[in-house]
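A.B. asks: The chain contents come next:
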Amino acid sequence: MYFYSFLLKGMELMKMNLEKYEEFPKNNTYFNLFLSRGMKKLKLNSQKYQAYIFLLPALFFLVVFLFTPILDIIRNSFGNADIINGFKNWVGLQNYKNLFTMEFLGILGKTFIWIIGSMVPMVVFGVIVALLLNKPAPGINFLRVLVIVPWLIPEAFAATMWLWVTNSQYGLINNALLSWGIISEPIGFLTTSTAMLTVIVVRIWKGTPFIIMTTLAALQTIPKDVEEAARLDGATGWQYFRYVIFPHLKAVLAVSIVILTTWTLKIFDTIFIMTGGGPMKSTETISIAIYNNAFVASDLSKASVLAIVTVVLVLIVSVYIFKKEGEDLKL
Amino acid sequence: MKKIKSLFLFITLLAGLIFLSACGSDVAKVADSDKEGNKEGNNEQITLKFLRPGPAEVVNPIFNPLLEQFMKENPNIKVESMNMGFQDTAAKYPVMASSGTLPDVMYATMDRGFDLALNDKLIPLDDYLTNSNLKEEIPESLWNGITFKDNHYWIPSGVGSIVLWYNKDLFKKAGLDPNNPPQTLDELITVAQTITEKTGVPGLGLPGAVNVDHLSTMFQSVYSSMSGNPLWDSSKESLTISLEENKAHAIKALQYLHDLVNKHKVTQSNVVEFSRNDLRPLMRDGKVGMVLDGIWIKGVIKDQIANGSIAPTTFPAGEGGSHSLVGVDGWSIAANSKHQDAAWKLIQFLMKTENQAKHGISYGLNPVLKSEYELPEFKTDFWKPIIKSEETGYSRIAHKNIASLETTISEGVQAAITGASTPEEALEYILKETEPFLKK
Chain S
1 MYFYSFLLKG MELMKMNLEK YEEFPKNNTY FNLFLSRGMK KLKLNSQKYQ
51 AYIFLLPALF FLVVFLFTPI LDIIRNSFGN ADIINGFKNW VGLQNYKNLF
101 TMEFLGILGK TFIWIIGSMV PMVVFGVIVA LLLNKPAPGI NFLRVLVIVP
151 WLIPEAFAAT MWLWVTNSQY GLINNALLSW GIISEPIGFL TTSTAMLTVI
201 VVRIWKGTPF IIMTTLAALQ TIPKDVEEAA RLDGATGWQY FRYVIFPHLK
251 AVLAVSIVIL TTWTLKIFDT IFIMTGGGPM KSTETISIAI YNNAFVASDL
301 SKASVLAIVT VVLVLIVSVY IFKKEGEDLK L
Chain E
332 MKKIKSLFLF ITLLAGLIFL SACGSDVAKV ADSDKEGNKE GNNEQITLKF
382 LRPGPAEVVN PIFNPLLEQF MKENPNIKVE SMNMGFQDTA AKYPVMASSG
432 TLPDVMYATM DRGFDLALND KLIPLDDYLT NSNLKEEIPE SLWNGITFKD
482 NHYWIPSGVG SIVLWYNKDL FKKAGLDPNN PPQTLDELIT VAQTITEKTG
532 VPGLGLPGAV NVDHLSTMFQ SVYSSMSGNP LWDSSKESLT ISLEENKAHA
582 IKALQYLHDL VNKHKVTQSN VVEFSRNDLR PLMRDGKVGM VLDGIWIKGV
632 IKDQIANGSI APTTFPAGEG GSHSLVGVDG WSIAANSKHQ DAAWKLIQFL
682 MKTENQAKHG ISYGLNPVLK SEYELPEFKT DFWKPIIKSE ETGYSRIAHK
732 NIASLETTIS EGVQAAITGA STPEEALEYI LKETEPFLKK
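Those protein sequences? They're chains S and E, same order as listed. Per the numbering used here, the first sequence runs over residues 1 to 331. Per the numbering used here, the second sequence runs over residues 332 to 771.
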């Protein structure tokens, strides 16, 4: 509680340039009172530095709990480290040589397919469904709740459920298709050639509701008079979407795409439970490779290099999308 | 001047924080030293942490009464039991070891045990064993499987060996003698073909997924039965398939597994989707005629075992005999334990014949103690092939990188059974890709 009020006060002081510094102890905790009196006694009147002092505890915890693990990953990537002993010694850039192997390029390629294959349909379907759900219709609120259900289901549970649905021997889909006589042999949804497509479909099913929710929220902020003006000007359906709706959605979509891309890149449980990265490593994305290196091969160094690549990939995507969005807004 | 004062205040605040943290550490140290004091005292209360991974609903009913009894017999020892999923041990054991928080008495798995032992996170139990009858009570073959750097780091308690489970009803339906299951690898093909043709049910369930060691297990069992050799040479710390004289056997084993799927077509479709666990419900439901699995399957097919419709037989023999793979997990003492003598006391209690039998029967494990073999429960026809396979089987790879080695072997085998590689190429892949893990 003290920490929280301390942090708030620091932020307030930074923001308001400490104009009301003399007043704040009156309506604050005993701790703040004590501190402010201490400051007065020390004749620390420089408002600028006081603000920083108030922020220091927060920064301290931020550094300890947020940046220490990241620094540890960076250190491990330049060293020899395993899961039991942690960092052992420095090896320079030796671990980064793994980035120039066919094995890593394969992982990167599969990760790229996983992201593009998931993201494009998620955004397209998400926007289409959001547009449909934005229309007034009986039971529309129920439908709006219904479409977000997949998003609410935990990843591990969803993956297990889909594993049962797609199983060759006792899966719902194969059993239905076999009993209806549509197929004579069960379809292998998780074979070398089909596993990636199957996990992508599961990802689309799981991730699309997020786009639906954010897009729907953005659609509801479009003023009715703009819509009416467009109609009066004779805008066609596509023109209305392209020049009225889409500009309103762009900012929300940019943020949603960055968030969803980051999530998709980090997805581990769906693939691990459904395929374990196989068969024949056909679904071994970067997150699976990190797990395998860290916990199967006990090679923290290689896993750390892959983790850093993940961070860099996310940063590239984020910077590109936000930059593009910024340029569009300027225009 | 103001800057200096601000800096002074900052340092004061930071020092305050460090001081508070240090106070916390001191309190912990005082508490620890108290514990140390307790250790030295004979009748002082001590607390042991205990971990047997597995589903809580299975583990707790077995061990809670046992631990209660132990605490009653040893009023100065309190045992706190922890729960952990079996699959979680691969990730959690190393993390606990790294932070010095491994439980005093823990169930070491082959997947992690050697790595922990090599890094001095488990203590060798050989000194304790010199004053115990456990060395004689447990078959030599099981001790050999877990001998690591001339020491033993856990006491065999969780043992399982691969045997052939067959569905007698499907045998009858296919016109086969339900009391005459296949005894050789060639007969396995013939019988599986008959079941497939006559009943429309796949004759053999084969685990083809890589994410667990199950595919590697199949290969090791077939290879050892064909060659008569174990896959792992503990004296040279190498794979025997790397020797020229054994390569032909390895290729033959890979070819055999490939043919089961592609030539004879006696397995379930899309084998790469299935782990050993996935095949168990199929066996229970009569959707495959036979599976190669350990006693761990018992939990899923207990009703069928009880009514006699599913029974085990020894792993089908090849030219080198019947040598299926044996997994040997067991009780170990963490190096970070402050109460190692008390931990050993608990292990000895758990390894008493009746307690080990309760553990094995309830969880689904092979009998381990020679005195267990004499119990009426294990004198039945059901247990005979299982006990025999334990005696003739070969243990898993005793290397700190066992998980990586078995995963790599599984990848090679998967390439062979899917036809992505020829058996020769698959063997080459296995030898090349396992080399760095063997050297590490």
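Worth flagging that the hints you see were computed from the coordinates, not collected in a lab. There's no promise every hint is true.
Here chain E is said to cover these stretches of chain S; the calculated rule only asks that three of the stretch's residues, wherever they fall, bring their Cβ under 8 Å from a Cβ of chain E [what the hints assert, rightly or not]:
1. 101-110
2. 127-141
3. 182-188
4. 256-262
5. 278-288
Backbone N, C-alpha and C define an ideal beta-carbon position, used for all residues, glycine too.
A.B. asks: Between the stretch 182-188 of chain S and chain E, see if three or more residues pass the 8 Å beta-carbon test, and mark the coverage as holds or violated.
C.D. replies: Holds: 3 residues of the stretch 182-188 of chain S have a Cβ under 8 Å from chain E.
A.B. asks: Take the stretch 127-141 of chain S, compare each residue's beta carbon with every beta carbon of chain E, and decide whether three or more fall closer than 8 Å.
C.D. replies: violated (count 0)
A.B. asks: Taking 8 Å as the Cβ threshold, is the statement that the stretch 101-110 of chain S is covered by chain E upheld or broken by the three-residue rule?
C.D. replies: Contact hint for the stretch 101-110 of chain S vs chain E: violated, 0 residues under 8 Å.
A.B. asks: Verify this for me: three or more residues of the stretch 256-262 of chain S with a beta carbon less than 8 Å from a beta carbon of chain E.
C.D. replies: violated (count 0)
A.B. asks: Holds or violated: the stretch 278-288 of chain S covered by chain E, criterion of 3 or more residues with Cβ-Cβ distance under 8 Å?
C.D. replies: holds (count 4)
Comparing the model with each earlier hint shows violations of hints 1, 2, 4; every other hint is respected.
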